[in-house]
Amino acid sequence: MKYITLVLAVVLFSCNNSDKEEKKSQSHVKESKSTARNVDSRKIKKAVKKNESGKNSIPVKNVNPLDNVVKPVARKSITKLLSSGNGKKQKLRYRFAKTFNANMKILMKMGMGIVIDGKPLPKNTIPSMEMVMNFKTIDVRKDGTLIYDFNTTKAYAAATTGISPAQVEMTNKGLNAMVGFSGTVEVDSRGLTKKVDYRLPPNLPPHMKKSMQNIRQQIENMGVAFPEEAIGVNGTWEVVSQIISEGLVIENKATYKLVSLKGDTGSLEVTISQSAPAQKYPSTSLPPGIEMYLKDWKSTGGGKVEFELTKPTVKSSAKMNMSMKNEVTQKATGAKQNMDMTINIELSFAPEKN
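If you count the sequence shown from 1, position 12 lands on 16 in the numbering used here, and the numbers rise without skipping.
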């Protein structure tokens with residue numbers, strides 16, 4: 005269920021880069037939006053500028069207290085058994101088939117709300133986004149390690165109620181750059197990623213390469229990692245990891261519950277929670293002349309997963325609710341404002357229908 009973080013990375017990538025394309029072409033389409041941290045950047049800048057001489061304006065301090073917050077170092081995921089469950093117990097291990105070739109479709113829906121100094125901006129709905137990735141087995145070693153290739157064959161924004169065609173097209177400019185993103189992955193029999201090699205799209209513009217780093221990391225975290233111990237139905241375990249997305253360090257915890265298991269087929273319930281320490285946003289993620297500090301990040305959600313022990317992919321659906329509290333500073337004047345953001349995500353991951 006770490007597809008949630010992949011989705012967020014995709015949203016940030018597509019919107020960040022569509023915004024750069026907008027600036028490059030000097031487009032003035034009002035409907036174009038930006039990312040979770042760059043969304044409505046013109047409104048943010050306008051709101052801050054409008055308040056420069058107001059009572060909420062605060063002179064710039066030489067040192068922001070959040071500058072001194074030590075960022076945690078990204079670490080490998082840690083799997084911990086919480087309960088072994090009921091009835092007959094067994095160690096869950098993949099027995100990957102030597103031949104596997106499937107196209108998997110990721111469907112994403114997202115809504116966003118922004119409040120600046122207590123005043124809500126008009127709600128921002130992002131176009132529904134769809135991706136298709138091909139997964140193909142290359143080899144299965146004697147120790148059970150799977151080596152497979154993945155390749156992004158489609159990435160586009162779909163027509164969405166309430167979204168103008170111009171905004172859909174702008175989002176597509178970022179998403180289309182993902183086509184051709186591919187790589188080779190090694191996964192052990194527990195579902196833990198051992199190695200990932202990436203191949204960037206051949207025509208990827210230079211300014212998009214850094215944004216692609218976010219998606220590369222999420223690929224490493226895809227799939228379900230099973231516990232070392234034997235479990236039965238109702239057995240639970242958690243996987244704790246750190247994710248670095250757009251330069252922000254995010255603590256991620258997924259708690260799994262084995263609902264059913266029959267032969268090689270099983271189902272899981274998943275609960276997800278995320279948090280992040282106070283930290284400064286990288287300047288590359290922001291409009292010129294703006295500084296932003298993350299004061300608080302919390303998100304919760306969950307979903308369902310269906311898996312087969314012979315396949316590297318799963319069928320899943322999930323929902324996630326995120327809330328972020330930020331402080332925005334206009335560098336030139338020192339005017340500061342509080343910006344609270346809420347993001348709602350729905351996604352599904354399933355075989356593509358012909």
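One should not assume that every hint holds.
[What the hints assert, rightly or not] The calculated lysine-lysine pairs, modelled on BS3-like cross-linking and capped at a C-alpha distance of 30 Å, are:
1. LYS127 <-> LYS315
2. LYS95 <-> LYS146
3. LYS146 <-> LYS199
4. LYS315 <-> LYS123
5. LYS315 <-> LYS198
6. LYS323 <-> LYS113
7. LYS257 <-> LYS299
8. LYS177 <-> LYS261
9. LYS308 <-> LYS113
10. LYS92 <-> LYS140
11. LYS93 <-> LYS146
12. LYS177 <-> LYS319
Don't read these hints as lab results, they were simulated from the structure. What you are looking at is a predicted structure, and each value in this text was computed from that prediction instead of being measured.
Hint check against the structure, violated hint numbers in rising order: Hint check: 1, 4, 8 and 10 fail, others pass.
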